[in-house]
Structure formats: C-alpha cells, structure tokens
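**Q** Join the two chains into one complex using the hints; note that each chain is given alone, in its own frame.
Protein chains in written order, with my numbering: chain A, 1 to 376; chain B, 1 to 513.
Treat the hints as calculated values from the structure; they're not laboratory data.
Since the structure is predicted, the reported quantities are computational estimates derived from the model, not experimental observations.
Some hints could be false.
[As the list claims (entries may be wrong)] Derived EDC-like pairs (lysine to aspartate or glutamate); straight-line CA-CA distance at most 20 Å:
1) K124/B with D153/A
2) K365/B with E171/B
3) K57/B with D372/A
4) K317/B with E123/B
5) K124/B with E201/A
6) K127/B with D372/A
7) K352/B with E366/A
8) K365/B with D49/B
9) K357/B with E368/A
10) K283/B with D265/B
11) K350/B with E167/A
12) K124/B with D198/A
13) K349/B with E366/A
14) K110/A with E366/A
15) K363/A with E123/B
16) K308/B with E271/B
17) K127/B with D153/A
18) K332/A with E171/B
19) K508/B with D372/A
20) K370/A with E123/B
21) K282/A with E201/A
Listed below, chain by chain, are the residues.
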Amino acid sequence: MFETLSYLTLQEYWWFLVGLLGALFVFMTFVQGGQTLLWTLGKTEIQRDLIVNTLGRKWELTFTALVMFGGALFAAFPLFYATSFGGAYYVWMAILFCFIIQAVAYEYRKKPNNVFGEKTYEVFLFINGSLGIVLIGTALGTLFTGGHFVVNDMHLSHWTVPSYGLEAALVFFNVAFGFMLFFLSRLLAALYFINAVDQAEIIDRARTVLKYETWIFLILFVYVIANILLMQGYNYDPVSKVVTLESMKYLHNFMAMPLVAGLAVIGTLLLIWGVILALFFKSDKGIWPAGSGVVMVVLSLFLILGYNHTAFYPSLSDIQSSLTIENSSGSKYTLTAMSYVSLLVPFVLGYIIVVWRIMNREKITETEVKNDPHHY
Amino acid sequence: MEHLDPSLVDWSRAQFALTALYHWIFVPLTLGLTFIVAIMESIYVKTGDEWWKNTTKFWMGLLAINFAIGLATGIIMEFEFGTNWSNYSWIVGDIFGAPLAIEGLMAFFMESTFFAIMFFGWEKVSKRAHLLSTWLVAVGSNLSALWILVANGWMQHPVGMHFNPDTARNEMTDFWAILFNPNAYSKFLHTISGGYVLAALFVIAISSWYLLKKRNIQFARRSIMVAASFGLIVSLFNVTTGDDSARQVAQHQPVKLAAMEGLYDGKPGAEIVAFGILNPNKKINDTQDPFLFKLAIPYGLSVLSYHKLDAYVPGLKQLVYGDKEKQIMSAQGKMDRGTKAVTALTNYKKAKASKDKLAQAAALKAFDADSAYLGYGYLKAPEEVIPPVATTFYAFHTMVIFGSWFILLFMIILYLTMTNELHTKRWALWAGVLSLPMGYAAQEAGWITAEVGRQPWAIQDMLPVGMATSNISSGSVMITFWMFAVLFTALLIAEVSIMTTQIKIGPKEAKHV
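Isolated chain B (complex conformation) (with noise of 0.2 Å):
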C-alpha cells in the first residue's frame, strides 16, 4: 500500500467535508420536522379539527423544500465514498457497505413510497390511512439516520471485524457487535434528538415571526405550544445523550475528548473549559499555557467522561508521547509496531506470490503480533495522531453553549405561552426568531466536532485518511469540488428563497369546528 499525495487527501477530505456540510443543513429538519407535522396531523385525526389540517399542510410544505435538497446532497454522499474513497471502500467496504445497504432497503423505500401518499394523497387514502403514512415517512428518515449513524459509529469506534491478509481488507465478523455498537447508539440518539431540536427551533422561529409581524396569530400560537414542549422534552433528552456520547468518546477517542477541551497535560480531577480562549501559539511540546483566556468548572470533565470527581483524563502530551505510570503508549511505540506490520504483510503476499508456505506462516505470525497497529504503520511522524485542536475545540464549546441556550428558550417560550404572554413579549419573540441560525450552527458544530475530531483517522486507530482516498489526479477532485460548491451554493440560495416566501405567504387559516 502507499501514501497519496498530501494535495489529494486533502481536495478529497475538502470535498466530503463541503458535501457533508451542505447535507447537514437539511437533514436534521427532515427528521425533526416529519415527527412535528406527525404530532400536528394526529390531533387533526383524533379531534376533526380541520384547522389543524391546515396547519400540518403548511408545514409540510416547508418540510417538502426541505427534503428535496437534502436527498440532493444526500445522494452524493452515498457515491462519494466510492468516487472519492475507493481504497476505503475496499478496506472496509464489507463491514461499511452492509448499513448503507441496508438503510437504502429499510429507510429509503419506506420514506420515497409514503410520501407520495403524504403529499398526494390526502384525497385519496382515509384519514387514518393519511396518518400512518405521514408517520411512516417520519420513522423511514428516522431509519435511515440510525443505519448510517451505526456505520458511522463504527467509524468512531470500529468492533465486529478482523484484518484478513489474503484480501487485505477488514470483514465483518459479528453483525450484532456492529449493530449494537455503543457508540453508534449514543451518536444516532444524540443526531436525532439534535435535529429535534433543530426543528423545534424551526418551527418557534417561524410562529414567533408571525407574532411579530402580528399575523396568522392562531397558528403561531399553536405551532409553537407543540414546537415548545416538544423542544424542552427532546433538549433535555439530547442533554443525557450527549453525556453518553462523551463517555463513549472518552473510552474509545480519547485524543479527540483532548482537543475538544484543548487539554494537553491530563491529570486527575480534570476541569471542563465553559468557555475560552485558545493560544494560537501553542505547540504540544512547550510550556505556553493553552488558553488566553477561560472559565472552567472544576473537576467537570472528570465528571464528564468518567462519572468520577477524580478520575484522570490523559491530555494531548500523555497521549501522543506516552506515560509509562498510567501505561499509556505513545503514538511512537504504536508506530513502530504499525510498521513491523506493514512490513510482515508485504512479505506475506511476498511469500504467497512464491508459494513458500513457511515463510508464509512466518510472515502471519509477525503480522498477527502486530496487526492491531497496522493503521499507525502508514503515520509518518507522532503528531500527526493529533487533530486541529483549534476547529474541534471552539466547535464543541459552540453546540454545547447553543444546546444549553436552547433548553432555557425552549422554558421562557413555553411559560409564557403558557401564562398567555408571549405575543407581547417582543424580546422572547425576537429570541426565537434569533435562534434560529444558532440551532443550524449547533448542528454543523456537532459534526465538525465528530469528524474533524477524528482525524487524521478515517477509522479510527485503524485507517488513516491518507490511505483512504481514491487513487486520482488532485486536479480532478478539485474540478469537482468547484463544480459542487458552486451547485449546491445556487440551490442553497434557491431555497432560501423559496422557504422564505412560502413563510411569508403563510398557512390558509381556517375555523375552528
């Protein structure tokens, strides 16, 4: 196997990171939208209401502008890791390609055949006929999240598989491991409750508008007593998945769980970083202090990570050069057993090219010692273990700041909802409309987080980026890259513009029975 160019990668790594980027705009509505507009149509189907049928059509317009260009993006995504990610696609493609099959069979049929009826069918299904449909739609997206979340929580944390010499890939061993991976649980409840919220803030920040603009003062006064209670449950639930979620990153990435909270020197009783301010000088090997300025909670990332006050937290240092007292291997050790690997694989194939079985199960044995490092054995130097510190720390702090703003909106819209003030309350109403662009920056800022934070691994401890790409010219990933950003920019713009003027227009009121 050899390195690819430096360019290459990083065209590759540009384009899946802007495709990704522009998918996740509309993704996390998608899922959270269809369970709103559920919710809306039952009440339409158990009171009669056809006020409440309005109101659901109304949304589901919005959610139909929306979902076309997220299955836009989404199909690129799909294709990319094989046009962009081909010895990816080889080296794990028989434990990756499994969910993204089985996701396109169980979520996206699911999804493209009722929504038909959701759309066009309202005259022409009964009404509980209608319902099922509308819920089906939302449970098929929901699907279809939790099937590529589970491959890429084996991204994050890869269980289930061995290396198999002869074909030099990964295969899949044990399909429960990978189903039932922890960590793929935690991410899939912590994106869906994200894109819950997302939707939720949607939903209050359209009605609040409304309210401002003193219209449609019915309809915005309901939407966001459903988009209200339903944000505070799914935002406190989303607070408990992201406990679990840093667990997991803790035990499985912990190099990742160090730059989210810039710590390079681990200790026991580590503190969480509220907020701060990192020191762009700072190299992982002087005694500059990492922050220029910060508010901590005292043992908190303790707490975080371990549920324990003093547990200890391994910083970037211990990490990459090694602590011997809480045996911890450096990034060095692991690379020099990576590349006794590499090296007995070669001459493994070597050896089978030839047909000299002894040297072959020579060759096996060296490679079994050392297979477990086999990814670090491509890493040139030890840094190189650590991803950018800067975009995954202020990622992190800014959807953990946004999330926690979100709950107390979600309380301050509800109470006085509630308490029949909320339409003259012009700042309550200005904040929901406001906060808005934060849920959409929370949701991109969870994902840079995840996949930044991971680098420069593509699995994690076991394929580095650099090994991933498909073996192509970088001039041609960059045409495509250009040709994408300026695409999906266009549609972008396009259905800004739309969803506003939809907005603007309104929902068709009608009476209440």
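Looking at chain A on its own, in the form it has when it is part of the complex (with noise of 0.2 Å):
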C-alpha cells in the first residue's frame, strides 16, 4: 500500500502525523496550565489535592505525548533531531529537566518523608507548567526565526554560537510564542476543571481565570499570527533545492493551500467558541471544541511550516543549511514501514478516548479524593 506512494508523498505523510502529534501534545498541555494554576484555583488543601488528583489522571498523557512526538521526528526527520536537539542543547536540558521534575511530583507530592516537603513538588508543579511550557513555545517559534547551525557535506552538523540555543530567547517573536503557550494551557486547563470538577469555588474561579486571561492570550495570538502571516519565509526550488527568502512565504503558504488556512480559521473559531460556551452558556463542554481547536490550529502551523517546499527549520548560519521535509527525512525505506505502524494510530487513539470517557464519566469530588487511598 505504502510502497507506491512516492517519497515526497510519505515525507508529507509524516509530517502531517508530527504535526498531529505535536498538536495532540498542545492541547495536552492543559496538565501544565492547570499545574500553574494550582493556587490560584485551589484555597485550601482539599482544593488543590482535588486539582492535582485530576490532573494526575492525565499527566502522563501529555508526558506520552512529547516522548512519542520526539520518537516520530527521531524516526522520520533525524536530521532535524540531530540538528536541533544536538544544537540548541541548552534550550532542549532545560525543558527536559522541567520534565523531570514533573514526573515524580505527582507521585511524591503527599507522600509522607517525601525529604523535600510537599510545597517543593508543588514548586515543580509550577516550573513544570510555567517554564517548560514556555521554552516549549520558545523553541518552537525556532521553526519560523531559524537556528544558528551548518550541516556540512557529510549531513552532520553544528551550533555556531556557544549559547546553544539560548540565544532564540533573545528574539521577541518566539518568547512571545512560547508565553501564548503559557496562557493558552491555562486557558484550556479551566476549560478543563470546569468539565472534570464538582466543586463550585474551583468552577467559579476557572471562569474568573478564563475571562481574564483569555485577552492575553488572544492579544499574543494575533501579534504571532501577524508575525507569522507578514514575516519573511525560507522557500525551497522543488528542483534545484536551492534556499531562497521569500517575503510573507507563510501567507502564501496558507493561500497555497485552502484546505489548511480553513483548518486554522475554523480552529480559531472553534477556540474561541469553546470559552465562549463556558463563560456566557455556563456550559462544561468548552473544553471539547476549544481542544478540538487548537489541534486544528497548531496543525495547520505545523502544515504551513513544513509543506509547499517550505524549510521547516532555517538556519541562520548558512542559509543552505535550512532543514525541509526532503533534505532531513529518513529513507523512503523507513518511512515506508514506519506507516504501516502508523496505521496502529487509531486504534491508539480508540483506546485512548474510551478510556479517558470512563475515567471522566463522573465528575471528580473531594469526596472521591478524601477516600482514594491511592490519591496524589
């Protein structure tokens, strides 16, 4: 089946599935937002064990999530894996010891001779949610700024610049990126409780947070989508392969392609919608077309990013380094078998949506948290 699709074609393929993968991985991401708002949502002690006892449900989802995107760009686009992992070292440690931190909180949190107190996890709980999510979105605003590395003729590369990648924190864009990020998770982590949570002072300050703070996030959203529709783009010749910049390459991009700027227009809508329905309907379904939502959008960036002979990932150094879907794939060979085992992914995502309805059916109360032996 996969055999007759040409390379190009399975090079697309797969960047679509990380794309889906990365945007699986932001909507996740409310585990985080939520974690940063564990004492602005949570009072008293009940409050936050009943906050982090719902996100500890889902936690390793998110956690999943990451793994899994990193193993399919491992897997599909190892040049960029070296590139940017081996590169910008700084940036990638710091957002994996923000990850550390947050896999054993959950667990230890409560637990008694915990040696470092139950506020430090917390502590975790909130670098986890505030600057992991942020460097996140700060090395993903790379994707459009470029990254300051050469591949020499051998396809090995190197950083040219010895901040390792600290330096993207210098550049406004992709700060700004990464806290719409920031505020993005918190929003979809009230729509989040104002779904999972029977405890009215947790619901009512989940609305406080998401009428606030839903105009910060919008106002970052439009200055990175400005950016991004009006910024310079690195093109590729489909022929030559030759690197070229081209004014609003990413305007044209969407424009190039239809299908994908209605994913990002009906994404957008379909965010905003969400909190809408949970602000003036007082619904607790919010959550559901916001999520939807931001799939569709963070989709569509990954899609304009990568697609319509586009550098995913430009260098700053040499232009003609920059990383596209074709020059930074695996062999056809492997993508060609590594879509027979992508076709697993409904299935995955079957079980996952059963699982995650019946662990959702009821909402969770302090009381079911008070009496699980096992709660976080």
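**A** What follows is the structure in structure tokens.
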C-alpha cells in the first residue's frame, strides 16, 4: 500500500503525523496549565488535592505525547533531531529538566517522608507548567525564526554560537510564542476543570481565569499570527533544492493551501467558541470545541511550516543548511515501514478515548479524592 | 567527518552512563513488579478474596513510587540521543529511530492510558476490566523493553541496513531482519527475566523484613510464596537466556567476550573463570599472567560460547593483532581498509560536488570494496578496539555470581515456605533481605558488561563513539552532567525515603473471605 507512494508523499505524510502529534501535545498541555493554576484555583488543601488529582490522571498522557513527538521526529526526520537537539543544547536540556521534576512531583507530593516537602513538589509542578511550556513555545518559535547551525556535506551539523540555543530567548517573537502557549495551556486547564471537577469554588475561579486571561492569550495570538503571516519565510526550489528568502512566505502557503487556511480559521473560531460556551452559557463542554480548535490551529501551523516547498527549520548561519522535509527525512524504506506502523494510530487514539470517557464519566469530587487511598 | 574532542566524548559517555545507570535502578523492578501485581490481582478476581485486593494495592503503591522516577529518568534517555549523540542520530537514525518511535506508539501509550485505570479506576470499572488494565500495563512496560532492546540489539549486532554514500548514513533495508535480530531477542529475554528476578527479590526482601519484625505475617508468607515461585521459574529461564546471550556475544562481539573472561591468548577447549582477580599491570603484548588468582572450570568457555568442548575461543591478542592460521584479520588490517573507505567516501563527495561522473564512479567502486570497515578508519591505534577489561570482567562475574546465588535463594525460600518453617529461620529471612541490594548490583553489572564491553563502538564494528557525539563544547556537557548527577541523586534519596516509609507503614490487612 505505502510502497506505491512517492518519497515526497511519504515525507509529507510523516510531517502531517508529526504535526498531529505536536498538536495533540499542545492540547494536552492543559495539564501544565492546570499546574500553574494550583494556587490560583485551590485556596484550601483539599481543593489543591482535588486539582492535583484531576490532572494526575492525565499527566502521563501529556508526557507520553511529548516522548512520542520526539520519537516520531527521530524516526522520520533524523536530521532535525540531530541538528536541533544536538545544537540548541541548553534549551532542550532545560525543557527536559522541567519534565523530569514533573514526573516525580505527582506521586511524591503527598507521601510521608518525601524529603523535600509538599511545597517543593508543588513548585516542581509550577516550574514544569510555566518555564517548561514557555521554553517549548520558544523552541517551536525557532521553526519560524531559525537557528544558528550549519550542516556539512556529510550531513553532520553543529551550532555556530556558544550559547547553544539560549540565544532564541533574545528573539521577541520566540518568547511571545512561548508565552502564548503558556496562556493557552491555562485557558485549556480552566476549561478542563470546568468539565471534570465537581467543586463550585474551583469552577467559579476557573471562569474568572478564563474571563481575564483569554484577552492576554488573544493579544499574544494575534501578535504571533500577524507576524507569521507577514514575516519572511524560507522557500526552496523543488528541483535545484536551493533555499531562498521569500517575503510573506507563510501567508503564501496559506493561500496555496486553502484547506490548511480553513483548518486554521475554523480552529480559531472553535477555540473562541469553547471559551464563550464556558463563560456565557455556563456550559461544562467548552473544552471540546476549544481543544479541537487548538489541535486544528497547531496542525495548520505545522503544515505551513513544512509543506509547499518550505524550509521548516531555517539556518541563520548558512541558508543552504536549512532543513526541509526532503533533506532531513528518513529513507524511503524506513518511512514506508513506519507508515505501516502508523496504521496503529487510530487504534491507539480509540482506546485512549474509551479510557478517557470511562475515567471522566463522573466528575471528580472532594469526597472521591479523600476516599481514594492512592490519591496524589 | 572529523574526530571530536576526546574530553567531549568522555563527558558525553559519562552523562549517558549516569542517566542509564540511574534509569536502570528503576526499570527492572517495574518490568517484574507489574507482572507480580497482575498475578496477585488475578487471584483476587478469581477468588473474590478482599485480602488479595489489599495485597495487590500495597505492591501497586510501591510500584507507582518506582514507576514515577523510572519515567523521569527515561525521558532523558530518548532525548540524549539527539542532544549528546547527534552525529549518531544522523548516521544511524534511519534505523535506530524506528524502534524508538514504535515503542512510544505501541507501548508507552498503552502503559500511560491503562495506568490511570489501574491506580484510580478500582471503583470506576468492573473487576475484570480493572484486571485487564493491570495486565495491559504489565504487557505495555514489557513491550517497551522489547522495542528498546531491538534498538540496543541492533547496536550490538547491526543487520538489515546499508551505508548510503550520498546521505552519508546507514539506511534500513530490511525491517524484519532488525526486528528478528537474534541478538535483540536474546537480550530482550535475558533483560526482562532479569527484571522479573529483581522484582521477586524485592517482594521477598520486604516480606522477609516483616517476618523478622513479626508483623503482617500472613501477608508476608503469601507474598513470599508468589514471589519465590515466580522467582525460581524466571531465574532458571534467565540462565537459558544468558547462555543464548553469551553465544551471541561469542559470534558477533568476540572482543567483548575475551574482555568478559580476561582471555588474552585464544585456545581450543578454553576454560571459564568462575572467580578471579585480574593482574592490574597486565598489558596485551607482555607475557605476564592476566590473573593474580583464579578459579576456573575447564572447557567452560568453549562450551558456553560454541556448545563444544574443544571449540577455539580467540583471545584479545588474536583479535587485535590477527591470526592467519585462524583467519582472524588484525585490527590494523581493518583500520587500513577503513582508511581507504574514508578516503574513497571523501573523494566521492568531492567528485559529486564537481559533477565529475567518472571520478564519482571510481570513488564509489573503491568505497564499496572497503565500506564494511568504514568505522575502523576513524580509529587511531589497533589497541583502541579493546574495551576496559577490568570493568567488563568484574561486571560480568558479579552478574553471574549473584545470579547463581539467587537461584539457590529462591529454592531455599520456597522450600522453607512450603514446609512452613520460613518464619523460624532468621538466617534465611536475613538472606532474603540482604539479597535485594545484590539484585540491583547484578542488574547494573549486566548493563555495564553489555555497554562497556562494546566500547569503543557505539555501533559494533561500524561507528566508534568518537564519531558519534554532538559537536558541542565539553564544558556544556560537563555542566549538564553535574546537574543530572545532583538532581537524580536528590530524587533517588526522596524515592528511597518514601519507599521505606511506605514499607514501614505496611499493607492494610483484611480478613479472608
């Protein structure tokens, strides 16, 4: 089946899957957003326990989505994996540190003799939810603004500045992208709490967060999207593979791919609709249109980054070293073999949805948390 | 391709070794304890006895503490291939990345999804659905081990690929050869059965401590019965998988085998060293005895390696300097051919850049003739092919000696449990407690044997570690090494503290139905 596809189609298929995984990960960052709302929404110990336990049933999925995102990039676009991770070293290491401390925080927070105390683990959760997400957003921003690397004729890459990725934080667009993700994760978290928790005060406070922070998010979102539409992009010639700068490249990409543009517009509207549902109709279902919208918008951003002869990881040190889905991918054989494995994706998504429905069939209450001997 | 700064290579090695050693403290227990928990829950579902439910929940609680820190140390492993081994990620990423991605899709999602039901779903799903979730977590964690060991097995014995001079990397040509690489399966089975042995020791150690303290008697006895039965079966299986693993090493990594046994001079009917102290001053080309002291079993190594009493086992001298009679090529001979391959590859790239088709074809022909030795072209001296002998030797023997003891321990404990005498034999209970650190030591020793014994290769005979690292400053890696060292140590201290506290609190006892 996949053998008959052209090499380019397979590369596009895998870029789509990577984009989808990235989009699902961004949706799942409501866990991180929720961690930063721990003290905002939880004013008493039991309320904070309720918040942690609500998120605690989902954090591993977010964690796995991140690992899977990395794994798919490694398998399908190994040159990106080698160049970005091996070059922007400090940024990725800082991100990993933020996720290491998250992994233990849920389980260890309330355990007796946990050495560092409950507060420390709550701080770990906050660092993961704030710094971790801002850094991931900053790193994603470099897909538009580029990195300081060169790739030699043996396809081996190295970074050309000694700050190894930290310089990305000096680019305002990258940082704005990071903070946009941060506020998005908090919006999604507020919507998720409204959906999953049966505790009036927490829900009221979640609505207050939505009421104010939606504006902050929208300002950042408009700034980021306007920049993306107006900025120069890196186009490559499909025959010669020569990379050149093109003004308003991403706007052109949207125009060349109206379906992708439609995905972005519908996604944005769904996200806003989700917030409106929660704020004005007092509905607890806002997370679903908002979450779907986030997946659609993020996916559309990945598609304009990699499709239509665009270098998805521009090099600021040597424009011809810029990475495209064509020059950074796995071999045709590997992409074909992996494509068969990808047929499992609907099955995996299927059982995740089934388990999600089972676990969220009834809203989580203070009583349930109190009575659960394994509560976090 | 350029050879990278040696201190960068060493710091990168150190960081990966640190991460792997910490990660491997937690993973084997998860691999085994998930099954032990699943077995206990199966008994609960079959009998309806609430006592088994509480027992299951107790061990599940300890599993969760271990599982969390296993995840924390695990995420680093995947991303370190990119951050610290970026050349590796390109040169073999086309092959190595696939099992990692499949691991995420097939195993990690299964684990993380059903983990939620396993821990929080007791009241949300039926008994059978909960049991199914517990088994799926066990299967998921073991599937994860399968895929990572398919990847690791390929590093020990690369198959199913070819080197593409245009992309300057190895590319997959046969997915099934990689998936069914015999080396991967012997490693997988040996690794997971080792994990099961550790889990059995864990349960026995804690239960023995309860018996020594004369508390939770019934809980401890029943847990020991399950663990000792499970442990005896899996430790015997572990011997057979170890035997298979050793034969794989003999066939595909003879230098590693020679280092594991401190064998400098090859011979037919080679003995195996059961216990020995190496001569620290021994050099490969001198005549000193490699051992200060040894207890050896005649013909043992020949039998272990080739299942023949008189089979010839080459030593380090033959493998480094060659042996015409035995048709063993010297490392220098391989390096000469590797150098030719490196030169031909460089010429090919130049000819391609200048669009000189004739020169391109000539360079490619020259490259094809010696491409199998490409990795040797980056070594500087023949002796570089020898891994650290002392580390490999002592790690291997620690694993074997402790592994043999565990079989005996499981037999004794099981016998005493069946005769209802265990609680009266304090020496046996102390043996049960003290064997747990030995179990962890055996686990780590096994990985040190496998990974240190493979040096200087990242991919056996194909890619030396000196070529595989990321081209960053060694200072950067040094900084993150110490950050990891401090963080992991702090988390380990917290984990041990929480775990011991939970053990002291003990299980909630319930009456039998």
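**Q** Hints first: check each against the structure and report whether it holds.
**A** Okay, the hints, checked on the actual structure:
1. Distance hint between K124/B and D153/A is unfulfilled; the C-alpha atoms sit about 58 Å from each other, more than 20 Å.
2. Restraint check for K365/B and E171/B: the C-alpha separation of about 19 Å stays at or below 20 Å, so the hint holds.
3. Distance check on the hinted pair: K57/B and D372/A sit about 12 Å apart at the alpha-carbon level, within 20 Å; holds.
4. At most 20 Å may separate the alpha-carbon atoms for a hinted pair to count; K317/B and E123/B exceed this at roughly 65 Å.
5. A distance of roughly 25 Å separates the Cα atoms of K124/B and E201/A; the hinted pair therefore is violated under the 20 Å criterion.
6. Proposed proximity of K127/B and D372/A is supported: the alpha carbons are some 17 Å apart, at most 20 Å.
7. Restraint check: the Cα-Cα separation between K352/B and E366/A comes to about 69 Å, which exceeds 20 Å; the hinted pair is violated.
8. This hinted pair does not check out: K365/B and D49/B have alpha carbons roughly 72 Å apart, beyond 20 Å.
9. Between K357/B and E368/A the CA atoms are separated by roughly 74 Å; this puts the pair beyond 20 Å, and the hint is violated.
10. Distance hint between K283/B and D265/B is fulfilled; the C-alpha atoms sit about 12 Å from each other, no more than 20 Å.
11. Restraint check for K350/B and E167/A: not satisfied, since their Cα atoms lie roughly 34 Å apart, outside the 20 Å limit.
12. A threshold of 20 Å between alpha carbons decides the hint, and for K124/B with D198/A the separation of about 16 Å falls inside it, so the pair holds.
13. Of the pairs offered as hints, the one joining K349/B and E366/A is violated, with about 67 Å between alpha carbons and a cut-off of 20 Å exceeded.
14. Straight-line distance between C-alpha atoms of K110/A and E366/A comes to about 16 Å, which keeps the hinted pair within the 20 Å bound.
15. Only pairs whose Cα atoms come within 20 Å are accepted, and K363/A paired with E123/B is accepted, the gap being roughly 13 Å.
16. For the hint pairing K308/B with E271/B, the CA-to-CA distance comes to about 12 Å; that is within 20 Å, so the pair holds.
17. For the hint linking K127/B to D153/A, the alpha-carbon distance of about 60 Å lies beyond 20 Å, and the restraint is violated.
18. Between the alpha carbons of K332/A and E171/B the distance comes to roughly 9 Å, so the proposed pair stays at or under 20 Å and holds.
19. Restraint check: the Cα-Cα separation between K508/B and D372/A comes to about 14 Å, which is no more than 20 Å; the hinted pair holds.
20. For the hint pairing K370/A with E123/B, the CA-to-CA distance comes to about 14 Å; that is within 20 Å, so the pair holds.
21. For the hint pairing K282/A with E201/A, the CA-to-CA distance comes to about 14 Å; that is within 20 Å, so the pair holds.
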